[in-house]
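Enquirer: Here is how the chains run, residue by residue.
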Amino acid sequence: MSANFSATKPSQAGTSTAPTRESSGTHTTTEAETKDCVLVEAINMALHYEMARDPAVVVLGEDVASNGGVFRATLGLKQAYGSERVLDTPLAEGLIAGLSVGMASQGLKPIAEIQFMGFMFAALEQLICHAARMRNRTRGRLTCPLVVRMPFGGGIHAPEHHSESTEALLAHIPGLRVVIPSSATRAYGLLLGAIRDPDPVIFLEPKRIYRAQAQRIDNDGQALPLDTCFTLREGEDLTLISWGALISECSQVADQLHAQGISVELIDVATVSPLDMATILQSVAKTGRCVIAHEAPKSGGIGGEIAAQLAEHALLDLKAPVLRVAGYDTVMPYAKQEALYLPGVVDITRAIQQVLAFG
Amino acid sequence: MRGRQQFSIHFLQYLDPQGKLDLPLPEWITDTPLVLAIYENMVLARLLDQKAVALQRTGQMGTYPSILGQEAISVCIGLAMAKRDVLVPYYRDAPAQIIRGMSPAEVFIYWGGDERGGNLNGASRDLPICVPIATQLTQAVGVATALKMQGEEAVVVVSCGDGATSKGDFMEAMNLAGVWDLPIVFVINNNRWAISVPLAQQTRAATLAQKAIAAGIEGLQVDGNDPIAVYEAISKAIQRAREDQQPALIEALTYRLCDHTTADDASRYRDADELKAHWQEEPVLRFQQFLHQQGLWDADREKAMQQRCQQVIDTAVSDYLALEAEPPSAIIDYLHAFLPYALETQRAEILLKDNAIKSQGDRK
Ligand SMILES: Cc1ncc(C[n+]2csc(CCOP(=O)(O)OP(=O)(O)O)c2C)c(N)n1
Ligand SMILES: [Mg+2]
Chain A
2 MSANFSATKP SQAGTSTAPT RESSGTHTTT EAETKDCVLV EAINMALHYE
52 MARDPAVVVL GEDVASNGGV FRATLGLKQA YGSERVLDTP LAEGLIAGLS
102 VGMASQGLKP IAEIQFMGFM FAALEQLICH AARMRNRTRG RLTCPLVVRM
152 PFGGGIHAPE HHSESTEALL AHIPGLRVVI PSSATRAYGL LLGAIRDPDP
202 VIFLEPKRIY RAQAQRIDND GQALPLDTCF TLREGEDLTL ISWGALISEC
252 SQVADQLHAQ GISVELIDVA TVSPLDMATI LQSVAKTGRC VIAHEAPKSG
302 GIGGEIAAQL AEHALLDLKA PVLRVAGYDT VMPYAKQEAL YLPGVVDITR
352 AIQQVLAFG
Chain B
509 MRGRQQFSIH FLQYLDPQGK LDLPLPEWIT DTPLVLAIYE NMVLARLLDQ
559 KAVALQRTGQ MGTYPSILGQ EAISVCIGLA MAKRDVLVPY YRDAPAQIIR
609 GMSPAEVFIY WGGDERGGNL NGASRDLPIC VPIATQLTQA VGVATALKMQ
659 GEEAVVVVSC GDGATSKGDF MEAMNLAGVW DLPIVFVINN NRWAISVPLA
709 QQTRAATLAQ KAIAAGIEGL QVDGNDPIAV YEAISKAIQR AREDQQPALI
759 EALTYRLCDH TTADDASRYR DADELKAHWQ EEPVLRFQQF LHQQGLWDAD
809 REKAMQQRCQ QVIDTAVSDY LALEAEPPSA IIDYLHAFLP YALETQRAEI
859 LLKDNAIKSQ GDRK
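One line per chain: the protein sequences are A and B, in this order.
When the letters of the first sequence are read in order and numbered with our numbering, they come out as residues 2 to 360.
When the letters of the second sequence are read in order and numbered with our numbering, they come out as residues 509 to 872.
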């Protein structure tokens with residue numbers, strides 16, 4: 002795919018199945034179109050691509066069909082693939098998740114939308130108790146190849162429960178993959194990877210950057226692997242690790258520090274579970290210093306998991322303590338105080354300077 | 509328990525869309541101050557709603573769910589409840605909350621993105637509005653259980669939208685209310701839409717009221733744009749809940765004359781003619797016509813009342829705009845009764861960060 006990242010994973014396990022070109026469906030994919038897309042449009046494009054390619058794919062959720070999704074991620078799907086495959090469900094997240102598990106067990110590939118991550122909780126019983134376990138419980142007889150898409154994260158001045166980042170809750174569940182794109186190109190490739198993955202994948206969409214910078218995307222159906230961090234920028238002095246919307250602040254910080262002669266290696270974790278520690282360890286072996294930034298509350302977050310693994314496997318490489326820049330351990334404030342909660346450029350820069358100043 | 513059962517759902521309506529009478533009026537209609545309070549609160553609700561939308565459109569407030577066309581339901585909930593009762597509202601219930609003592613400014617404060625809008629002046633034990641759909645319903649039966657266990661003669665009124673009836677919480681709550689004989693009244697604002705999903709895609713049931721039958725409690729459907737029917741149904745249900753511990757469900761049929769919220773554009777999925785037709789049934793004008801017919805109303809009174817309401821709104825707006833920002837520590841100070849020592853460092857960091865933001869004028 003396009004070249005604003007390099008996948009540095011040593012082993013190339015095959016989650017990114019190449020698309021079958023002689024596909025059924027109405028969409029002819031012989032000549033890949035190229036389009037400038039923002040993140041939410043890239044998601045839409047990937048959904049269109051895969052619905053055309055694979056008749057087993059169905060899209061379901063609240064307001065996804067007639068309305069095309071409250072963020073317009075599913076726009077045009079109903080018109081293109083019909084109301085048999087693009088389903089407005091009743092308002093019930095537990096139903097959406099259970100329905101998806103059932104569909105997936107019988108050969109369909111449901112892509113469910115939970116309108117906002119804050120409304121996933123009624124769905125968790127199905128996802129945790131069943132989706133994540135179906136393969137294990139039946140020793141591979143039944144499987145659960147489903148995707149649950151949910152917009153998440155703060156910064157859009159939304160009402161309560163529309164801004165949280167609870168990816169660590171999901172990452173804690175064995176059997177669920179948790180994937181978070183941070184750009185339009187990665188959203189396209191990772192979503193295709195998620196849909197083609199034979200197991201349940203939670204696909205978290207950083208809505209703050211839904212309509213940020215457009216990128217040129219080849220609509221060629223190329224999936225990205227689901228077990229590989231993306232090294233967005235190579236550097237020597239420090240490894241900066243993040244995911245989702247915060248990647249754009251991290252890039253800004255890396256730019257600013259570069260001007261001051263500090264070279265930051267920036268890693269987009271992208272697949273927060275299972276976690277590709279190989280890429281991270283390789284980087285820290287080189288830089289010896291690491292800062293992890295995430296929007297979710299600090300305690301019990303994925304930053305803690307990464308730091309723990311660094312302590313286990315990279316103690317002798319480390320020249321300084323690993324610092325985390327994160328949200329506070331408090332309820333996500335409503336819009337008026339949201340900026341106070343969200344980690345930003347200043348917080349990340351300060352942590353990096355602290356780590357660089359150590360020892 | 510054996511055998512076939514027959515059920516029917518009654519539909520209650522006094523005023524047709526032209527404000528004409530269908531049925532002999534209930535006795536309370538002679539209570540002129542009450543009748544006029546219904547009207548004035550509906551007008552206040554509409555003006556407040558218009559102002560809230562205007563504040564959002566001009567960037568002075570966040571996303572807001574309008575209640576245009578649905579005013580009668582919440583106003584009648586507010587007026588039918590006794591002070592000691594407990595309201596478990598949903599997000600289109602500002603009129604009831606205001607009648608029960610919330611200051612109108614709190615509507616703007618809450619939707620302006622400030623937690624103090626959920627404080628309800630600190631005075632009542634009503635619950636704040638619930639954003640996750642239907643979750644208030646199971647809490648409400650908990651409130652009713654507490655009131656009952658504590659021997660109080662208080663009743664719970666809980667409301668939700670038509671979409672909310674698709675969640676298990678709705679049946680779970682009604683079911684328990686039946687089994688435990690709880691003093692609770694469920695009110696559905698059936699505005700026919702859940703964002704872009706019409707009611708026909710939520711259920712094949714001919715009425716939502718009939719869902720009560722499966723829970724073994726009383727279910728009634730009312731014309732939700734006829735304030736007389738709504739008030740009569742809710743006040744009688746509250747009385748039965750109070751005196752006989754009999755729960756009930758009231759489905760109020762209305763129509764969402766607005767977008768779902770200010771973040772929505774209903775013209776994408778809703779037929780303009782359908783919307784236009786429902787404007788003929790809206791409750792405020794309908795009730796005004798009734799008041800005229802009863803000889804209770806004239807142009808002078810209308811003018812004086814409009815001015816009174818406008819005054820309330822103006823005060824609410826200036827209170828909202830003049831409200832000083834909360835201190836930064838508020839984002840963590842209400843998390844626990846006492847700040848756990850483990851969070852002291854983070855609290856200090858919050859204050860530092862706030863200083864940095866203020867001195868830079870930019871969070872970055
Ligand atoms: C559990 C949950 N899922 C989804 C949402 C997003 N959402 C907000 S309002 C709404 C529709 C609610 O429809 P209805 O119950 O009919 O109430 P109305 O808004 O029409 O009054 C949806 C899906 C939510 N707030 N909570
Ligand atoms: Mg509704």
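Please note that the accuracy of each hint is not assured.
Said to hold, decoys possible - Chain B side only, calculated, beta carbon under 8 Å to chain A, not exhaustive: (1) Gly570; (2) Gly621; (3) Gly671; (4) Met679; (5) Glu680; (6) Ala702; (7) Arg776; (8) Tyr777; (9) Ala812; (10) Ala833; (11) Ile839; (12) Ile840; (13) Leu851; (14) Gln854; (15) Ile858; (16) Lys861.
To be verified - Using 30 Å as the maximum straight-line C-alpha spacing, the simulated DSS-like pairs for lysine-lysine come out as follows: (17) A:Lys299 with B:Lys866; (18) B:Lys528 with B:Lys866; (19) A:Lys320 with A:Lys287; (20) B:Lys784 with B:Lys811; (21) A:Lys79 with B:Lys528.
The hints are simulated quantities; they were obtained by calculation from the structure and are not laboratory data.
We treat Cβ as the ideally placed atom computed from N, Cα and C, and that holds for glycine.
Enquirer: All hints are to be evaluated individually against the structure, with a verdict given for each.
Expert: Hints and how they fare:
1. Checking Gly570 (chain B) against chain A by beta carbon gives a least distance of about 5 Å; that is within 8 Å, so the hint holds.
2. For Gly621 (chain B), the interface hint holds, since its Cβ comes within 8 Å of a Cβ in chain A; the closest pair sits about 3 Å apart.
3. Given hint, Gly671 (chain B) at the interface with chain A, holds; its Cβ is 4 Å from that chain's nearest Cβ, closer than 8 Å.
4. Proximity of Met679 (chain B) to chain A is violated relative to the hint, the smallest CB-CB distance being about 11 Å (cut-off 8 Å).
5. At a threshold of 8 Å, the smallest CB-CB gap from Glu680 (chain B) to chain A is about 11 Å, leaving the interface hint violated.
6. The beta carbon of Ala702 (chain B) comes within 5 Å of a beta carbon in chain A, closer than 8 Å, and the hint placing it at the interface holds.
7. Interface restraint check for Arg776 (chain B): the shortest CB-CB distance to chain A comes to about 6 Å, inside 8 Å, so the restraint holds.
8. Given the 8 Å rule on beta carbons, the hint for Tyr777 (chain B) holds: about 5 Å separates it from the nearest Cβ of chain A.
9. About 36 Å separates the beta-carbon of Ala812 (chain B) from the nearest beta-carbon of chain A, more than 8 Å, and the hint is not met.
10. Evaluation of the Ala833 (chain B) hint against chain A yields a held restraint, the C-beta minimum of about 7 Å falling below 8 Å.
11. Checking Ile839 (chain B) against chain A: minimum C-beta separation of about 5 Å stays under 8 Å; hint holds.
12. For Ile840 (chain B), the interface hint holds, the least distance from its beta-carbon to any beta-carbon of chain A being 4 Å, beneath 8 Å.
13. Checking Leu851 (chain B) against chain A: minimum C-beta separation of about 6 Å stays under 8 Å; hint holds.
14. Taking 8 Å as the C-beta cut-off, the interface hint given for Gln854 (chain B) holds, the closest approach to chain A being about 5 Å.
15. Using the Cβ-Cβ criterion of 8 Å, the hint placing Ile858 (chain B) at the interface with chain A is satisfied: the shortest such distance is roughly 6 Å.
16. At a threshold of 8 Å, the smallest CB-CB gap from Lys861 (chain B) to chain A is about 6 Å, leaving the interface hint in force.
17. Proximity of Lys299 (chain A) to Lys866 (chain B) is assessed by CA-CA distance (about 23 Å); at most 30 Å being required, the pair is judged to hold.
18. Straight-line distance between C-alpha atoms of Lys528 (chain B) and Lys866 (chain B) comes to about 60 Å, which puts the hinted pair past the 30 Å bound.
19. Straight-line distance between C-alpha atoms of Lys320 (chain A) and Lys287 (chain A) comes to about 11 Å, which keeps the hinted pair within the 30 Å bound.
20. Straight-line distance between C-alpha atoms of Lys784 (chain B) and Lys811 (chain B) comes to about 27 Å, which keeps the hinted pair within the 30 Å bound.
21. The hinted pair formed by Lys79 (chain A) and Lys528 (chain B) fails the criterion: a straight-line CA distance of about 44 Å is larger than 30 Å.
Checked against the numbered hints above, the structure breaks hints 4, 5, 9, 18 and 21 and satisfies the rest.
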